[in-house]
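Quick mapping for you: the protein sequence lines, in order, are chains H, F, G and C.
Our numbering puts the first residue of the first sequence at 1, with every later residue one more than the last.
Our numbering puts the first residue of the second sequence at 1001, with every later residue one more than the last.
Our numbering puts the first residue of the third sequence at 2001, with every later residue one more than the last.
Our numbering puts the first residue of the fourth sequence at 3001, with every later residue one more than the last.
Derived from the structure by calculation, the hints contain no laboratory data.
Glycine included, every Cβ here is placed at the ideal spot set by N, Cα and C.
Be aware that a few hints might be false.
[Said to hold, decoys possible] Here are the computed distance ranges between Cβ atoms for each label pair: (1) T1073(F) <-> H3046(C): 33 to 43 Å; (2) P2497(G) <-> E3226(C): 31 to 41 Å; (3) E2498(G) <-> G3174(C): 49 to 59 Å; (4) G1021(F) <-> H2723(G): 16 to 26 Å; (5) A2903(G) <-> T3228(C): 51 to 61 Å; (6) E2175(G) <-> Y205(H): 17 to 27 Å; (7) G3174(C) <-> H2723(G): 48 to 58 Å; (8) T2035(G) <-> R3041(C): 24 to 34 Å; (9) E3226(C) <-> A1025(F): 44 to 54 Å.
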Amino acid sequence: MSDTHGTAPGPLARGALEPRVAATRSGWVVDARRSVADLVLSDESPLAKVLVKGPVTGAPGSVLGTSSGRAARTEVGGGTALVVGSGPGEWLVVGPVGTAAATVAAIERTVSGRPEFVSLIDLTHGRALMRLTGSRAPSVLAKVCAVDVEDAVVPNGGAFRSSVATVVTDVVRDDRDGTPSFLLHCERSTGQFLSEALLDAGEEYGIETTTLVGLVPEG
Amino acid sequence: MMLLPCPWCGPRNATEFRYGGATGARPDPVSATPQQWREYLYTQTNPLGWSREGWYHRAGCRRYITVERHTGTNEVRSALDTATEDG
Amino acid sequence: MSLTTPDPTPTTTRARPGRLAPQPGEVIDRRRPVTFTWNGVTHRGFRGDTIASALAASGERVFSRSYKYHRPRGLLTADFLDPGCSVQVGDEPNVRGGHRLVEDGMVVSSQNTWPSLKFDVKAVNGLAGRFLAPGFYYKTFIKPQRLWPLYEKVLRRFVHAGEITADVSGGVPGETFDKRYAHPDVVVAGGGPAGMAAAVAAALAGSRVMLVEEEHELGGHLRWGDADDREALRDLRAQVAAEPGIEVLTNSVVSGRFDDNWLSIVQRGLPQVFERLIKARAATMIVAPGLIERPYVFEGNDLPGVMLSTAVRRLINLYAVRPGSRAVVLTANPEGDAAVEDLRRAGVEIAAVVDARAGDTVVRATGRSEVTGVELSTGARIACDLLVTAVGWTAPTSLLNMAGDRPVYRPQAARFLPDPQRMPENVLATGGIVGDGTVTELVAHATAIGREAARRAAARARAIGEAVPTRGGDAPALPNPDPTPVDVPVLAPADHPELFQGSTHGFVDFCEDVSSKDLVIAVKEGYDSIELVKRYTTVTMGPTQGKLETVNTVAIVAAATGRTMAETGTTTWRPMYAPVTLGALAGRIHEPVRYSPMQSWHERHGATPLVAGQWIRPEHYGDPAAEVRAVRTGVGIIDVTPIGKLDLRGPDVAQLLNLLYVNKWSKLGIGRVRYGVMCAEDGVVMDDGVTGRLGEDHYLMSTTSSGAATVWEWVEDWLQTAHPDWRVHVTPVTTAYASINVAGPRSRELLAGLTNVDLSADAFGYMQVRTGAVAGVDDCVLWRIGFTGELSYEIHVPASYGLHAWERLMAHGADLGVQPFGVEAQRILRLEKGHFIVGQDTDGLTRAYSGALDWAIKLDKDDFVGKPELVWQQEQGVTTQLVALQPDDRTTVPEEASQILAADGRIAGRITSSRMSPTLGRSICLGQLEPALAAPGTVVTVRLVDGRDIGATVIEGLAHVDPEGARQRV
Amino acid sequence: MNGNGHRSANGNGNGHRPAKLRGYSAWSLVQHGLSRGDWPRTWHDHDMRDSYDVVIIGGGVHGLATAYYLARDHGITNVAVLEKAYIGSGGSGRNTAILRSNYLTPEGVRFYDRSVKLYENLAADLNFNVMFSQRGHLTLAHNDASLRTMRWRSEVNKHEGVDSDVIGPDEVKGLVPYLDTSPDTRYPILGALYHPPGGIVRHDAVVWGYARGADANGAHIHQLTEVTDIDVEHGRVTGVRTNRGRIATKAVVNCTAGWASLISDMAGVSMPVQTFPLQAAVTEPVRPFLDTVVVSGTLHVYVSQTDRGELVFGASVDPFASYSIRGSLEFTEGVAGHVLELMPALSKMRLLRQWAGLCDMTPDYSPIMGPTPVEGFYVDVGWGTYGFKAGPVSGEAMAATVADGAPPEIISSFGLDRFADGRLVGEKGAAAVGH
Ligand SMILES: Cc1cc2nc3c(=O)[nH]c(=O)nc-3n(C[C@H](O)[C@H](O)[C@H](O)COP(=O)(O)OP(=O)(O)OC[C@H]3O[C@@H](n4cnc5c(N)ncnc54)[C@H](O)[C@@H]3O)c2cc1C
Ligand SMILES: NC(=O)c1ccc[n+]([C@@H]2O[C@H](COP(=O)([O-])OP(=O)(O)OC[C@H]3O[C@@H](n4cnc5c(N)ncnc54)[C@H](O)[C@@H]3O)[C@@H](O)[C@H]2O)c1
Ligand SMILES: Cc1cc2nc3c(=O)[nH]c(=O)nc-3n(C[C@H](O)[C@H](O)[C@H](O)COP(=O)(O)O)c2cc1C
Ligand SMILES: [Zn+2]
């Protein structure tokens, strides 16, 4: 972040979902509520998101180590990122808050010099990212997504893109301590709508919202 | 609902795709006569039987695929990536 | 339809219709009485009672009046299909009284009770029957034709149905409908013995099974059977309960089968939702719906007290209701024989058992508002208040037909049977629909079918597993299905006499009041195929959709035409197998809306929302004219986030742009922006926008907001299908950026204090692009362009910082009087400037030269999309031309779409855009005009929507304000 | 029919007197009720002749009306209508029966207006009550752009003398109290195009009435007769082949709608036509509450209530070309969702049945009518989702085309050659959902 012109405080970033109780953390306005519910939807939009494109079989795949349809954690740019094979010749790298630039630089370094045409784009601010966690998470998805997310088809580490509540969404199954957990990644402007549709679908199971672990304000 | 066997994503509901139809080859824009060009614009084959047609997986891999479908039964017998002919 | 004289009433006193002592298989809970009202009168029943059984238990026999003739109707089938007891429950019309369970406080009323439920209108019936012949409407009310609307009004008052209430909020507050998807291996439609056994076998073979039963509990016909049946039922239920792989859905129905085994299942009676639609992609479906008992056609067959054997067996065994006092039973099968036994046990006097297998039958039933007697083929007349018929079955092949099967008629079984040859791989059938047999034989068949379904499902699961890329290391192993099909034992249909109609005419379709005579008349008039008979008489078109009436219809039409039943065939079964509420079909409505990151600010500042496709945008903040003046004289900012944006990267982007736009792109330098127009291959203007070159191989393209998605797919189409060798990556970034247009003579001043980009005219000229920080936010893209015609900067801020940037602009510009402006002010500003809007000033047939785009079109390029059409358009001249018009009366704004007339009165064009210009203080327009009228200075006639004509003058160019473009170049 | 000996004089070519259709009236109904005598057959079965002057392929409203007007207006009666299934089994028996003339182009408006006028007198003309219910037709506008298109249509309509106007939400509410006209819905109703002469008709009755009229005038209607090929020699039609044998003829009219391109292909004429399924559905009846036809283009849905009390729903064509008429669940889901957005009070009404028909879509949503490069092969196709209402005018115009060998003025813009010439007649904005 370059220094500010003018006298106002540093720029404030906002996630894709309107927080119900707002608080500021690491330059982000986040939802201050915590949740201990069994079924939780958290806004993880502040995480760094970098989209890498290249040939289906080529440098990015071999460097990042996943293929289309699968997601795995890898060391990228000095942090651990979740690398999602989000489509043919397309990888989504989800890293800790604030690491987008470093991630871009790191990947650029590793693919440079290769003959294929590879491009990178920082979509941290361009996409909404939320996480749905809980044993009933598959039931919630079953109300809004036509793809079967059972183990046999989408085990932990599976990733696909489909329509969720009519919004085109990347879905990544990324379980938490054996509990089903899904990352949902869509165009930023429809994030609010998608979150509302998920809350609506999860209502009968007692869903609650919260903010990304790590950004949840203290106290 | 019809399932389309996307070569990249596996079988998916047809509503995830946009139908592109059985568009003919683009005539040479320099030498095409109005007849030929407008035939290309307006007249597609409309068979009752097997048809080769383009679909776009807009809610999935975002690839254009070429599908062989029977227009009487909606049975699909193949689907390949249009650009790479991968199945 | 005439009725014989009343029979002498029987003399002995007998047990009245009403509640029996507890029955071994009853489903009512006598410890839980419920109270409800029926036509305003309080009634009692028990939990587990249906509306019909509770009313029957209190002696009610008439439940409705019929559709055409208003004849009294009672129970016929006493289940979901019963055509005689559709009732209104509260705000819900057409509730199936034979199925819906009574609840405490339920308000139930009869529908279609003209002249009243009980009033005897025999005379009217008799007369009506004669004149309301099929096709009656077509033959009358022809002249005088102007009276038809009046007749029509009268007809509409007689509609037989429930009512919906005018409350537009709809339904009970908090009452919702729901949907979900499911991916079972096997769906079993029907929870009778066959369905249960098939489900158990499939689950044991490893399938995830969904067992769907329309009734409130599993069991099918075993539920109202004898002790052996009940024993078999207990055993099967226990087996189902023991299988964790079976999901049991009761009070649910498989309502449709669509391509690739996409099944719709309606789940009713849930606590949290009114009805839920499950959309199941089943690997295999087993159809096990059993059989439906068929009514018999004879005079008086619709009188209350004439019932099917299954109806009386249900009433007695499930609800402990005595259905009458003195019965005549016409039986042709064991079900009828069993009904005789049940009736005896229930204390009903059996006046006669007429055995159809011995050739005896019923000629007619007599009575006024209910049956009082029966005339037999032997000539005997017997007094009774109950006539039970058991003459055969209809196989509900509906779901199979939806899967491609066509039923075949088997005279030996007197029913249509499915044709296994025509069934797809993923659909199987078992149980009564296939054939008959002992429970053991049924279970054996169903077990084999269940295992076979599981085998096929496993093969499919394997194929899917191999096709999806999501399976990884810890996925369960794919099933390895046995290649050999399961050996399925034969389940042959039992022999059954063909019994459809006696020697008299009677009702065939009870819902639609269609009699056998009507069918014969229709055939004689030439409507002699089954489909034409259906349409002419409306037989099978009512709520039961042929489930009770198809076979009799076919039989009667066959007899009337001299064809066989097989030749005659059935009408087409179609979804829904059972009707589904619109609420369940709709589910929770998902209509995505999109917001810019500044939405909360707009709401807080009183913006009037404008629905623009999926976007909700500020139309204005109170006074659009003032917003226009602020932009012309000072500075305004507008949220233009919905503008479509595509990030284009790669060495071949310039080639791509050259192909897609009518103008040239090869020489666009880094830091430059160009306006471009895209046409489709027919030369019709498709989209426009600017594209800027940010780096050697990096461009940012903008599109119209409504065209964003289409253009993206368009670009991908050309890249993937025509030029897969081009190296270009396209990423939509529409909402990756919050886009703000800062417009007005003081925009430079405002922005200068907030950015590290050098804004001086020399450093950052018109139609250029820069990247830099704005309001402390890095990686912003700034375009010096303007839709408004003023000096302006369109800044694209990484979306998370959009609100921050907007607030900083407002705060920083306070002393400059910065004003937020909305879409309406922008429309006025662009119209003053003469900028067209694709789709408003052009239409679906407007080729580019008609859009006044001559300056942009570069026909010297080798190729671009739509070029040939534009070459020809240029050669032949346009048919219409976009022009700017000035109404002669400066205060009149002709509404957009006002037509422009030629001297001979022909339509020669139309106004496409019009506003009162706050800048000029007069009305201004754009329009499409025939070229003969398009020359500057031509005066044309505009027909206003109120019919008045005004003059308007074509002006030079398209701009009303600043035609030289001086204001935007400062 | 050039050179065929027939004159095209209205009414009496070839000395033929059109049969006066009568026999149906309230009085005759009473008589039949009392005497219980049989009604005459509505049309008759005939043996197939070896040759006919004109062979019409397709026993829908277009084919039957063409046969009727050939006889009535031109005295051409040696005519066969060949229908592969039963009459009305195509779109004519499956359509949602909406009649209107509020189209967008002046050519279109004039054409459909003539049809509505013919419909207004059809019951008397055919002596068959087709139950044309002119209950009014509303096309809702939910955004600016559609309001502008409505106004465009209404201005063109008014110019052509067709009753049509843009009305505001309050008037809409007055006409249809069940509509949710509050401004804060997802798709607020900003206004509507109101077209009082529009309405619904009993579609089967139109088919049967024309069949009866054609039959009475001597035309042969052959059901269960499928055309399998068309003989063309030296650029002229010489006959058609059917599953029941060959028929020699010099004039063939293709009135097969959804199958139009298959038939044209038999004659070697390629057509800019794509076949798409169009679906419809009915609910169980409820007491009448909806007096007008309501259409929403934005929501892709329309609804009317029949005199029987059912709601009849329709939408736009399926999203991909197909000859399958099995129908889809997405259609009913979409229709239900959209109807409930318009009229939330209907959530407990139940959908009873859905079905589908085939639509012959053209690039500009206007029909293709008139001669073709093959002499004697005429087309009356491209009826898409809107052709039922055009039955009468098309029959009249095609009869004149066959009789005179050239199309009359009213269909002169709809020729097949317009595509090669790039002169499309754009009706998409007025026909895509409203039909
Ligand atoms: C669901 C639906 C709703 C509609 N709603 C409306 C509406 O509200 N208003 C409106 O104006 N229009 C509507 N339409 C359109 C309208 O139904 C059609 O445009 C119109 O019926 C076409 O009539 P037709 O006589 O040309 O064709 P059809 O009625 O389709 O007749 C063509 C006939 O040709 C026969 N045929 C085909 N091939 C052969 C062969 N090889 N040999 C012999 N016979 C053959 C077919 O069996 C068929 O009977 C709707 C259509 C559908 C499907
Ligand atoms: N149906 C009878 O009344 C009856 C009477 C005596 C004997 N039998 C014999 O029993 C055998 C029938 O046993 P079975 O198990 O095949 O049938 P069944 O009639 O015992 O059970 C079928 C069940 O399927 C349900 N059903 C039907 N369609 C459905 C749908 N679309 N969705 C959900 N549920 C649906 C019905 O409600 C019924 O409970 C036959 O041999 C028959 O001859 C039947
Ligand atoms: C305007 C209209 C109203 C209809 N109303 C009903 C109806 O009330 N009940 C019914 O079962 N079918 C109704 N149908 C549908 C027909 O039963 C049938 O499905 C349709 O004509 C298509 O034929 P098919 O299903 O035999 O293929 C109606 C059809 C139309 C065109
Ligand atoms: Zn795909």
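Violating hint indices (sorted, rising) | Structure breaks hints 8 and 9.
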